[in-house]
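Asker: With the hints as extra help, turn the sequences into a complete structure.
For the sequence shown, the working numbering gives the first residue as 157, with consecutive numbering after it.
Keep in mind that the hints were calculated from the coordinates and are not lab data.
Built from N, CA and C at the ideal position, the CB exists for glycine as well.
Hints may contain errors.
Capping the alpha-carbon separation at 30 Å, the derived lysine-lysine pairs in DSS-like fashion look like this [as the list claims (entries may be wrong)]:
1) 201 to 439
2) 336 to 313
3) 322 to 439
4) 336 to 282
5) 409 to 202
6) 294 to 336
7) 437 to 194
8) 437 to 322
9) 228 to 439
10) 261 to 194
11) 319 to 343
With beta-carbon atoms standing in for the labels, derived distance ranges [as the list claims (entries may be wrong)]:
12) 334 to 275: 19 to 25 Å
13) 250 to 192: 45 to 51 Å
14) 440 to 253: 27 to 33 Å
15) 230 to 254: 27 to 33 Å
16) 230 to 344: 34 to 40 Å
17) 287 to 315: 44 to 50 Å
18) 304 to 260: 33 to 39 Å
19) 440 to 412: 37 to 43 Å
20) 208 to 293: 33 to 39 Å
21) 200 to 267: 38 to 44 Å
22) 294 to 232: 51 to 57 Å
23) 234 to 307: 38 to 44 Å
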Amino acid sequence: MNVLSEKAKKFTEAFEHCMKNEPLALRNAMGMNRQQFKSMQREQKKMEEAMKKLTPVQFKLIDMLIRQERRKVDQEVTERTIALNSCVNAAITETVDWTCDEIDKFWKVVNEMIPGDIQARSEMQKMNEKERVEMEAKVREFIIEALEADKGVREIKEELKFKFPKLSSAQRTNAVKEIKEEWMEQKGAERIAKIISGEEDKEIEKEPVKKEVVVSEKVEKTKVAEEKIEAGMESIALPTISEQIASRLLNFKKEREAIYKTILEYENFISAKREELEVVKEKEKNVEKAIELLSSAGI
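Answerer: So, in structure tokens, the structure goes:
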């Protein structure tokens, strides 16, 4: 009887140690304040007391329920993954008209990136909010400096690999793409501001070759205007070729953003479900350990 009591005592101590493992670090990781964390600890204490009173049959019942829930989550993740694959394939076919081989290559790249991305995100979750914000700012600053130095996208991504090893391949690619677009838009806005203020004209005057191009464009516009007048179309503003191309480019950008949005929604859902799955797995492991300890103690 004394031996069994000693084993039960050891199990209880081990369980309490797991539940109270590094309280401050756990509180910070869960984003709780002191009051919320104390409330959670009280709930854990109640769970500990309840655990001591569970019978082997009750442990088996809990284990069965956890396994059922895990199967449900696995099934939902599988269904969503299949739906994501199907919808992305259809979206690619409708927007860029890739062949099946090209789509297969696309998914091969995606599948190669996923494990590294999951690992990188897992590591970043261990960082606090301040560290993540500082890292994002440093990445942005590094990419902008590289762009200002006229470095290519491939070169920048390679340098990011060594400068910020915690970033995954997907994160490096997305960061360079997004920041480069913002940077180019900013440069475009600055140039428009110069044109409006007249600074651009001053720069053009300093460059004879560019001046000839501007004069040529003015002559061409004058010819078009004269042709419109002769045809009785002076009041009709027809779009130029560059305006037509710019309009098509804008449409492509909108379609691309819609695809990215759909992909991101599915990725976020799958990521959330994977996190839920990990929580369920962890609970399952804890219960299995509890059952094993109780069984060995004959409780």
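Asker: All hints are to be evaluated individually against the structure, with a verdict given for each.
Answerer: Hints and how they fare:
For the proposed pair residue 201 and residue 439, the alpha carbon gap of about 16 Å is at most 30 Å, so the pair holds. Proximity of residue 336 to residue 313 is assessed by CA-CA distance (about 12 Å); at most 30 Å being required, the pair is judged to hold. Taking the CA atoms of residue 322 and residue 439, the gap is near 28 Å; set against the 30 Å cutoff, the hint holds. This hinted pair checks out: residue 336 and residue 282 have alpha carbons roughly 28 Å apart, not beyond 30 Å.
The straight-line distance between the Cα atoms of residue 409 and residue 202 is roughly 55 Å, outside the 30 Å bound, and the hint therefore fails. Taking the CA atoms of residue 294 and residue 336, the gap is near 15 Å; set against the 30 Å cutoff, the hint holds. Proposed proximity of residue 437 and residue 194 is supported: the alpha carbons are some 25 Å apart, at most 30 Å. Annotation: proposed proximity of residue 437 to residue 322 holds, straight-line Cα distance about 26 Å (limit 30 Å).
As the CA atoms of residue 228 and residue 439 are separated by approximately 15 Å, the hinted pair is consistent with the 30 Å bound. This hinted pair does not check out: residue 261 and residue 194 have alpha carbons roughly 51 Å apart, beyond 30 Å. Pair hint residue 319 plus residue 343 holds up; C-alpha atoms about 26 Å apart against a cutoff of 30 Å. As the Cβ distance of residue 334 to residue 275 is approximately 21 Å, the hint placing it in 19 to 25 Å holds.
Take residue 250 and residue 192: their Cβ atoms lie about 48 Å apart, and the range 45 to 51 Å holds. For the pair residue 440 and residue 253, the beta carbons lie near 46 Å from each other, so the given range of 27 to 33 Å is not met. At about 31 Å, the CB distance of residue 230 to residue 254 agrees with the hint of 27 to 33 Å. Here the CB-CB span from residue 230 to residue 344 is close to 48 Å, at odds with the stated 34 to 40 Å.
Taking the beta carbon of each, residue 287 and residue 315 are about 21 Å apart, not inside 44 to 50 Å as hinted. Here the CB-CB span from residue 304 to residue 260 is close to 38 Å, well matched to the stated 33 to 39 Å. Checked against the given bound of 37 to 43 Å, the beta carbons of residue 440 and residue 412, roughly 41 Å apart, stay inside it. Separation of residue 208 from residue 293 is about 49 Å and departs from the stated range, judged on CB atoms against 33 to 39 Å.
A C-beta distance of roughly 39 Å is found between residue 200 and residue 267, which places it inside the suggested range of 38 to 44 Å. In this structure the hint that residue 294 and residue 232 lie 51 to 57 Å apart at CB is violated, the actual value being about 38 Å. For residue 234 and residue 307, the hinted distance range of 38 to 44 Å is satisfied, since their beta carbons lie about 42 Å from each other.
Checked against the numbered hints given earlier, this structure breaks hints 5, 10, 14, 16, 17, 20 and 22; the rest are met.
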